[in-house]
Amino acid sequence: MRGRPSSVTRSGRCAHPRAVRRAGTRMHGQRGAIAVLAVIWLSVAIAALGVLDVGNVYFARRSLQRTADLAALAAVQMISSSGGCTAATTAAQQNAAANGFSVGGTTTIATTCGRWDTSTNTYFGTTGNPLNAVQVQTSQVIPYFFLGPSRTVAATATALASNIDAFSLSTGIATINTQQSALLNAILGGLLNTSVALTVGNFQSLAGATIKLSDLMVALGASSMQGLLSTTVSYQQLMLAMVQALQAGGDTVDAAILQTLAVTVPGGQNITIGDNGQSAPGLLALGLSNPNAAATATIDALDAVMVAAQIAQSNPNGTGPVINVTTGLLGVAGISLQIINPPVLAVGEGGTTTVNGVTTGRTMARTAVANVTINLLPALLPTLTVGVPPLVSASIATLNTPLVVTLGVASGTATLNPVDCESTKAATTATIQVAPSILNACIAGDASCSKPVNVATVTATLLGLTVQVANVVLNNVRVPVNPGTTTPLVFNGSSGSFDYSQSANSNALGSDGSVLTTQLLGSLGTLLKVSLLNNLIDISSLLTPIVDAVTSALTPLLQPVFALLDTVIVPTLSLLGIQVGTATVHNMSLTCGVPQLVN
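Read in order, the letters of the sequence shown correspond to residues 1457 to 2055 in our numbering.
Hints are supplied without guarantee of correctness; some may be wrong.
What the hints assert, rightly or not - Keeping only pairs whose Cα atoms sit at most 20 Å apart, straight-line, the calculated EDC-like set for lysine to aspartate or glutamate is:
1. K1907 with E1878
2. K1985 with D2004
3. K1985 with D1902
Said to hold, decoys possible - Pair by pair, the computed Cβ-Cβ distance ranges are:
4. A2019 with V1656: 15 to 23 Å
5. Y1600 with V1492: 25 to 33 Å
6. S1906 with T1574: 39 to 47 Å
7. T1574 with Q1734: 48 to 56 Å
8. L2013 with G1784: 17 to 25 Å
9. G1581 with G1560: 25 to 33 Å
Source of the hints: derived by calculation from the structure; they are not laboratory data. Beta carbons: idealized from backbone N, C-alpha and C, even for Gly.
Generate coordinates for the entire structure from the input sequences, incorporating the hints supplied.
The structure is reproduced here in structure tokens:
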């Protein structure tokens, strides 16, 4: 008898292999997931290690940049010293070493001296002068531990230091005495068409007052030095801005003095702060690659007043008004002057610049172009007698004829060389090349230099007959003074200040007025002539004694009159930028540049 069939169905018998297969599939899937996870984790590990490599590179780059920055700042402080680029290179290397950067097989440092000039397309270049910037490049080979071969990392820094000098040519005066202040009041009053009554102390105080250009910029509402240079204002507006600038600097005393000069000039020209040459004169000639670097420079208050007053009374076509000045000086009847082109103050760097193939000084001051006429009162001769009465004798009496000195002054220039900035003021120097102005001076009986001066009348007596027979005439004298050679004037801070004046003499005759005095008095005997009026009495034998007598009497009378030229008139005219045969440079300030990173 057959047993009962099993309760296990066919489907049940077939299910076991499928379960086995499913279990195998799950095990295989788990092994695949583990592989994927392994790849992911390996990628993460590699990325993490790569981050370490990249981080190491960025850390090295940052360290290199810090080294380059500090080395450039140290180097640029030496670029304008006597050691020049050699000293700058040494300073960069020493600074890098002091900050832990050792030059070796995998590290380098390179120093390039040049000029930073925002007016060029590249800003930094190795041409041009003066050198005012240093570029330092540091590099290091950095190994990659996980990402591949080593790579070279570099950093570059450029530092700038502008050395700025401020100076004027022939607009300064060392001391101001009572006579000069009286004449200066008259001249300034004539320029401003008003009455000026400053004391000697007022002028001396203004001559020592300084105005910071940044304070003037703020007072005129300019946002930058470029904006200041393009600002155009009236004379009165400029004076009020200068008052505010003095007040901002804490100088309330000079601000109050200057306030009295803040007047309206009838018909006066407006004043542009930035100078654009003789065709468009301005107050300041700025010679800087970065004009904003001049913000800390200072100018002299009295110099600025005199230049501004002349600009107000000048015309672009050279037909400025003739200003008559009543001086009240002994021996001087009056002075008239006409400003053709005003002087200009200079602020900037030394060196040269080349535009369209023409090389000129980067920072230049210039003197005024002017015509000046000085009317001197007649020299009263005592009555002189030559010959032996009752034979032929001559009586010489003075004529009431004025003596006119006319000065035609062309422009002189002062050009700044590259400044030598050292570690002390005493060792720091600014050299300014001075070319004195060309002068044409004339001494005659009129301003046009066409008439002789009738010095005396000669009356002859013969046997009781008295007749006027001649005049003693001083022929018109032209005194040309050539500019001579360019003279270097060196300014240093040995006294603790760079604010002082020096003069260059182009004529080797001494002081300014001696050009005229020496020419006239030294050759008076040959310049005096006897002009015969009639032949009623023959005085041919007395011609030489007449000339000798007049020369002997006239010389001591003219000496004190011409001494006024030396002691009062010519020095005072120098405040207008007008000098006779010499050139005085007033160095107002010198600032050695504070180093700054520009790239």
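Hint check results:
Annotation: proposed proximity of K1907 to E1878 is violated, straight-line Cα distance about 58 Å (limit 20 Å). The suggested pairing of K1985 with D2004 holds, with an alpha-carbon distance near 11 Å, which does not exceed 20 Å. For the given pair, K1985 sits about 18 Å from D1902 by alpha-carbon distance, which is consistent with the 20 Å threshold. In this structure the supplied range 15 to 23 Å holds for A2019 paired with V1656, their Cβ-Cβ distance being about 20 Å.
At about 28 Å, the beta-carbon gap between Y1600 and V1492 stays in the expected band of 25 to 33 Å. The given range of 39 to 47 Å is broken by S1906 and T1574, whose C-beta atoms sit roughly 55 Å from each other. Evaluation of the 48 to 56 Å hint for T1574 and Q1734 yields a failure: the beta carbon distance comes to about 26 Å. Separated by about 20 Å at the C-beta atoms, L2013 and G1784 satisfy the suggested range of 17 to 25 Å.
Checking the proposed 25 to 33 Å range against G1581 and G1560 shows it holds: the Cβ atoms sit about 31 Å from each other.
Consistency with the previously given hints fails for numbers 1, 6 and 7, ordered from lowest to highest.
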